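Novice: The chain contents come next:
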Amino acid sequence: MADLTTDFLGIKSPNPFWLASAPPTDKEYNVRRAFEAGWGGVVWKTLGSEGPPVVNVNGPRYGVIHGADRRVLGLNNIELITDRDLQTNLDEITRVKRDYPDRAMIVSIMVPCEEQAWKDILPKVEATGADGIELNFGCPHGMSERGMGAAVGQVPEYIEMVTRWCKQYYSKPVIVKLTPNITDIRIPAAAAMRGGADAVSLINTINSIVSVNLDTMSPEPSIDGKGSHGGYCGPAVKPIALSMVSEIARAPATAGLPISGIGGVTTWRDAAEYITMGCGNVQVCTAAMTYGFKVVQEMISGLSEWMDEKGHTSIDDFKGAAIPNTTDWKYLNLNYVAKASINQDDCISCGRCFAACEDTSHQAIAMSDDRTFTVIDEECVACNLCVEVCPVDNCITMVPMAKGATDPRTGKVVEDVYANWTTHPNNPSATAAE
Amino acid sequence: MPDKTFEAGIMAGRLEQQTYEAHFADLHPPLNRHEALVAADRCYFCHDAPCITACPTDIDIPMFIRQIATDTPDAAAKTILSQNIMGGMCARVCPTEQLCEQACVREMAEGKPVLIGQLQRYATDHLQEQGIHPFVRAAATGKRVAVVGAGPAGLSAAHRLAMLGHEIVVYDARPKAGGLNEYGIATYKTPDGFAQGEVDWLLKIGGITVETGCVLGADLQLDAVRSEFDAVFLGMGLSGVNALGVEGETKKGVLDAVDFIADLRQVSDVAKVPVGRDVVVIGGGMTAVDAAVQAKLLGALNVTLVYRRGRDRMNASPFEQDLAASKGVRIVTHATPKTVHGNGAVREIEFDYVGEDMSPTGQTLRLAADQVFKAIGQTLEGEDLPALEGRKIAVDANGRTSLQGVWAGGDCASGGDDLTVTAVAEGRDAAMDIHAALSGSV
Chain A
0 MADLTTDFLG
10 IKSPNPFWLA
20 SAPPTDKEYN
30 VRRAFEAGWG
40 GVVWKTLGSE
50 GPPVVNVNGP
60 RYGVIHGADR
70 RVLGLNNIEL
80 ITDRDLQTNL
90 DEITRVKRDY
100 PDRAMIVSIM
110 VPCEEQAWKD
120 ILPKVEATGA
130 DGIELNFGCP
140 HGMSERGMGA
150 AVGQVPEYIE
160 MVTRWCKQYY
170 SKPVIVKLTP
180 NITDIRIPAA
190 AAMRGGADAV
200 SLINTINSIV
210 SVNLDTMSPE
220 PSIDGKGSHG
230 GYCGPAVKPI
240 ALSMVSEIAR
250 APATAGLPIS
260 GIGGVTTWRD
270 AAEYITMGCG
280 NVQVCTAAMT
290 YGFKVVQEMI
300 SGLSEWMDEK
310 GHTSIDDFKG
320 AAIPNTTDWK
330 YLNLNYVAKA
340 SINQDDCISC
350 GRCFAACEDT
360 SHQAIAMSDD
370 RTFTVIDEEC
380 VACNLCVEVC
390 PVDNCITMVP
400 MAKGATDPRT
410 GKVVEDVYAN
420 WTTHPNNPSA
430 TAAE
Chain B
0 MPDKTFEAGI
10 MAGRLEQQTY
20 EAHFADLHPP
30 LNRHEALVAA
40 DRCYFCHDAP
50 CITACPTDID
60 IPMFIRQIAT
70 DTPDAAAKTI
80 LSQNIMGGMC
90 ARVCPTEQLC
100 EQACVREMAE
110 GKPVLIGQLQ
120 RYATDHLQEQ
130 GIHPFVRAAA
140 TGKRVAVVGA
150 GPAGLSAAHR
160 LAMLGHEIVV
170 YDARPKAGGL
180 NEYGIATYKT
190 PDGFAQGEVD
200 WLLKIGGITV
210 ETGCVLGADL
220 QLDAVRSEFD
230 AVFLGMGLSG
240 VNALGVEGET
250 KKGVLDAVDF
260 IADLRQVSDV
270 AKVPVGRDVV
280 VIGGGMTAVD
290 AAVQAKLLGA
300 LNVTLVYRRG
310 RDRMNASPFE
320 QDLAASKGVR
330 IVTHATPKTV
340 HGNGAVREIE
350 FDYVGEDMSP
360 TGQTLRLAAD
370 QVFKAIGQTL
380 EGEDLPALEG
390 RKIAVDANGR
400 TSLQGVWAGG
410 DCASGGDDLT
420 VTAVAEGRDA
430 AMDIHAALSG
440 SV
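Chain order of the listed sequences is A and B.
So the first sequence is numbered by numbering that gives the first Met the number 0: it starts at 0 and just counts up by one.
So the second sequence is numbered by numbering that gives the first Met the number 0: it starts at 0 and just counts up by one.
Honestly, the hints are just simulated from the structure, not real lab data.
Be aware that a few hints might be false.
[Claimed, not checked] Between beta-carbon pairs, the in silico distance windows are:
1) Gly110/B / Asp84/A: 55 to 61 Å
2) Lys411/A / Val37/B: 48 to 54 Å
3) Asp358/A / Ala137/B: 29 to 35 Å
4) Gly110/B / Trp305/A: 29 to 35 Å
[Said to hold, decoys possible] Covered stretches of chain B (chain A as the covering partner; in silico rule of three or more C-beta atoms under 8 Å from a C-beta of chain A):
5) 37–44
6) 100–114
[Claimed, not checked] Selected chain A positions facing chain B (Cβ under 8 Å, derived; list incomplete):
7) Ile347
8) Ser348
9) Cys349
10) Gly350
11) Arg370
Fair warning: this is a prediction, and the values are worked out from it, not measured in the lab.
Don't be surprised by glycine CBs; every beta carbon is placed ideally from N, CA and C.
Take these sequences, add in the hints, and give me the full structure.
Specialist: Set out below in structure tokens:
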């Protein structure tokens, strides 16, 4: 069986599955149960400054986008950081870390952007024996209105400044958790790096209103007839998060910066994908909040089975393996030509490929009177829409054309050389560079 | 076990009261909202969907299912009812496994079609239970149309014609409107007075007068009706029951299955309907299955359905055959009745085993029987009808008969299967043609 042991910033955990800083990691009771279920580590729910803790709303905190059969596709929350006393949290963290020395214990922190505030809390956190801290520069709701969370994460100078304080007053690894509510994720990541961050974790939640109640005209979740934007997470955000992770992994300024991947990790496959994009581990929340802590067991068995199948003996074997294949559009090979191919044995004649192609794409699928659907190679641009709307897995595939063959759509021979937009004659910049 | 389980003879009250209630409850309990949403989500919204093609009334099935999936069941009901005004009944009695659900691509893909019939019921029930009638009449045309027969064909025609602005009088021989929906379908398929409820709901369109107790040829003459109205639609069904033509057929206990089914529908308490201990049903259609299953449900100890050909030739769908088998009905094939034995009342019935060509093999079968139900088909009765084709009224694609101004549809007319849904389609389409004729556009 593959070794899932992870070493992230020198912090060891038996597997790469950590619970993200969120409601599941709010207290000792949950975290002990999470560790018993098999989670490799936790990032404790964000701590605030000493003093009276924040107060949450007393109405609904969550809203959801449901798929078929009420499957949770996207989750929105308006919960704040921990609303429990600081010392209670610190005592619990100390006890849990003592009892589970082999698990990663990271403490998430969010205090005002004042040096003293960080100077006050960091020694207390250090005293718990936790393995590191995560700076919550990401929560987009509530705390951001008070100048914290995403309000910090949206200002690179603040990120750098606070990170530097943390490296100054805290001896263990510092992870900076980034907000996706910005235009270019590379900027805050670079700022964290300049401040001395040991790693970044991303993404935090995305500004969101999941729905509007059409009877009350209030956004959901509704508190006494009013709603506020929350933070969106769950399977729906994975593509956004994965792209942001890839940007940081690819950018020269931040390449090699350790990343903890967060955003819609629901199965082992999601986790594997994040790792191929350069993440040293992943953090999970919505899957646990939907199905309970036990889901980690599928993630462990699934990742392990896949690694065995591929001959990977450790996480490092495939970490970052997809980064070299993640490129800019302009470098995609324009001499690669494919055509859709419909397997008639698998086709159930639903006609969705036809409707999609005929109405919204390239009119490249023909339909016969007996509902046989065939690709018209003369029209097919290999857009892949038919593949994606077909309800039968692998019934329609994209088949690359052989080099030297003639593409019936363009009448041109498929060339055996790589050529991209930078050199294409239609590109107005193609010759200007010379 | 009640005392009457093994008692010979025809008697009521063979079962405990609560057993009757369970036996005659809804065959398919209605889907609740969540079940409907889950079932609706399985629809692929096929292009030019095969299920639509398979539906005799061409309901836009993917559209109504999508409307259910988006939580607008009343809109779904309008989609259904605009094509099939008896969508509620059809949702209950259509052989969907031979029509829309057989054509469903998920049937091909995984042997589990989308539950089209049950989803249709979810939508139509949702609308009709609110008492909403979603159609309004066009401006009055001043034309009057007579409809003979208040069954699915007649009511479908009447509704469409009323909607188009004509005045309609519907005549029916029975005391209640509904035709086979009211008298000819197993109780467990349409319990709780649904058939009458649907008729009442349908008539809310207005402009339709129903005259019951009027038999064509007796109380009502076609010539007189033709001269009184601008057009006539005949949808009176098949009132004659075919005879076995064997010795002993008139003995006590040999009955018409259609009467048994009608009695079960009309009694206030099915426990009062008498049934034999040993029941034999002769026939292979829906009527035979409905009679056999209900005899079993009433507490008959042994129920045998005897059909002259193989199971593959039975008009009853495989689903109906399986239903009968699951209720404990024994199905015997390749046997034709030979003699009814008994002294006054039937005691036994004897069959010849026959080959595919119906010739006796020389082997016979004797079944104990204190009750025999004949279900070998019904025939059109009446004189002075339009020209026939075979034993039914000849009609063209628009339902026109040989008589000027007379249209026909449903079981009494040639062409099409004898199904509720087919009758509704024929009534609707004839109505459109009548409207075109009365509007002078044809």
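Novice: Where does the structure disagree with the numbered hints, that is, which hint numbers, in rising order?
Specialist: none
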